[in-house]
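Once you've looked at the hints, dock chain B against the given chain A.
If you're matching them up, the sequences are chains A and B in order.
Here the working numbering is used: the first residue of the first sequence is 1, the next is one more, and so on.
Here the working numbering is used: the first residue of the second sequence is 328, the next is one more, and so on.
No lab work stands behind these hints, which were simulated from the structure alone.
Wrong hints could be hidden among the right ones.
[As the list claims (entries may be wrong)] Think about it this way: if two alpha-carbon atoms lie no more than 30 Å apart in a straight line, the pair counts; the simulated BS3-like pairs of lysine-lysine are:
| id | chain 1 | residue 1 | chain 2 | residue 2 |
| --- | --- | --- | --- | --- |
| 1 | B | Lys465 | B | Lys554 |
| 2 | A | Lys99 | B | Lys653 |
| 3 | B | Lys563 | A | Lys138 |
| 4 | B | Lys517 | B | Lys465 |
| 5 | B | Lys370 | B | Lys553 |
| 6 | B | Lys465 | A | Lys138 |
All values derive from a computational prediction rather than experimental measurement.
There are 2 protein chains.
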Amino acid sequence: MRNIDELIPNFETYLKSEIMQIANRSPIGLYQPVADALTFGGKRIRPALLLHSASLFSDNTDPFLPAAMAIEIFHNFTLLHDDIMDNADIRRGKPAIHKLYGQNSAILSGDAMSIMAYQYLAGCRSTHFNELVALFSKTAVEVCEGQQHDMEFETRNDVTIDEYIEMIRLKTAVLIAASLKIGAILANAKPSEAQLLYDFGIYTGLAFQLQDDWLDTFGDEATFGKKIGGDILENKKTYLMLKARALSSKSSSAELDRWLSASLYDPDEKIAAVTAIFSESGAGEATRQQMNHYHDKAVETLSKLEICTENKAGLTAFAGKVLSRKA
Amino acid sequence: MRNIDELIPNFETYLKSEIMQIANRSPIGLYQPVADALTFGGKRIRPALLLHSASLFSDNTDPFLPAAMAIEIFHNFTLLHDDIMDNADIRRGKPAIHKLYGQNSAILSGDAMSIMAYQYLAGCRSTHFNELVALFSKTAVEVCEGQQHDMEFETRNDVTIDEYIEMIRLKTAVLIAASLKIGAILANAKPSEAQLLYDFGIYTGLAFQLQDDWLDTFGDEATFGKKIGGDILENKKTYLMLKARALSSKSSSAELDRWLSASLYDPDEKIAAVTAIFSESGAGEATRQQMNHYHDKAVETLSKLEICTENKAGLTAFAGKVLSRKA
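Bound-form chain A, shown alone (with noise of 0.2 Å):
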């Protein structure tokens, strides 16, 4: 197995199937919120790690969907009520679960389908289970902690690089990490290969929110697939504002306080004067030196994984990817 988008099109027959089932359940209130959660998809990125990593250790992967799916539906779960939290309107081109079909549905489909993301890990009938659901629980607790800093950050104004950091480690990267480890242990792959998997996924997490980020502000708007510049207008202290903060002079400093603080302005004028700010500091250009230098860590880790080169192919390319991906 070369490539980690290969086991997809597999999941992705997996999952219409289960989809179909789930929206065949009642009551259909609760269960088609969750068909339409799964339905409107996203790149499967994490059920394809899963699925890649088991595949590195394991000819036959098809046992270990279930686990695929348990990943897949937490994320989607957690995506519901983000979605919710942040009053998103428009997930992937769509209305929102909670426009849909009103904030108390979504609340509630989401609450379920986080307990069915159990279920699915329960399908694998894997004799590590104990260890699955441990290191499952303790990454969708993570994954909580992470949005509870993201959301106080929001009327923070004193979040520094490292705090930034710890809540995209938790907010995005354990997951990533926790879908390639839990691949590992079903395959029953040695713990410290199993380990060396989860580290590779937090610095691959870490350099593929950077590049979210970057991709916000420096992205091509045709390619990326939402509106360039949200983030400025939204004030978030992303990477690339923090490190701006920290690189500007004391008059560009001053430039983007009364853009952050300004209640009337032109979008496109702050879009455009925050931008240059961020290229002007060399935030941009940082942003990117970072994101290199968590993608060398997870090279490096990957490294010490005792399997052959070619096998390490399809994780290699992922983390370049993440590098130079457009969307």
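Chain B only, in chain A's frame:
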């Protein structure tokens, strides 16, 4: 062990120490609401039933305290999210968590509680862990289904009595039943015995909820602890209401409809008038009969349990107390 309350002090000591640990976790914004939700209390019936059930088959129930905690934290998670969905400001005489911390924190802290329940369940290190996770997850999903039915009933005028019983089975009875069964499984009871305890829990849980409905109209305000007639003012489709519709004369039924659709009225007058219809139609008496029916089924189920009568005394007393309780 005679009385199901006897193990509560033991549980309270354990709970208190866990709450202290939880309250010290970071981020505090995530964990303080969890600690508060657990502190504000309730009667701890479910953990008491779990430990009592375990005590029927094992002398030392201390190793099962984490499972009792799992049930209690899950129960309080459902109350926390239900209060958001029902827009309820008060819980056990105190401001609801979403009133204290805001809706977003209440959603997220609830999410964390649901996952923490699995962590506590895992804390028992039982050889029956797979079975426990399956039972717990099935139960948890059913509770969500029950809440969904309950929300849908609000806007439906054709709810049948069978549908109502199924709703309270899911929303209330299955968690009581699962508490008993989990205790039995943990203490290595035979599967048939664990199942009888589950069935006992279902019947007792149904009686418990019907008594709740009955007390909301016919209880004593000082003893009941909340305002009598709340369900009537909310036009809730309780067993009393559905039975009153089924049993009322044409003129009483028309009067009931007038009260249900009235937008301007004196609350005390509405409570008095609807209570009178509940009494005169025989709905109050029919509710008590149905409760007695479930009580009889619970006792009958208990009689099949292969443990000595002395050891059944606690559960027999509990089933009786459900019918006679005033609060």
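For each hint, the structure was consulted:
no.	hint	in the structure
1	B/Lys465 x B/Lys554	violated (34 Å)
2	A/Lys99 x B/Lys653	violated (42 Å)
3	B/Lys563 x A/Lys138	violated (40 Å)
4	B/Lys517 x B/Lys465	holds (20 Å)
5	B/Lys370 x B/Lys553	holds (15 Å)
6	B/Lys465 x A/Lys138	holds (21 Å)
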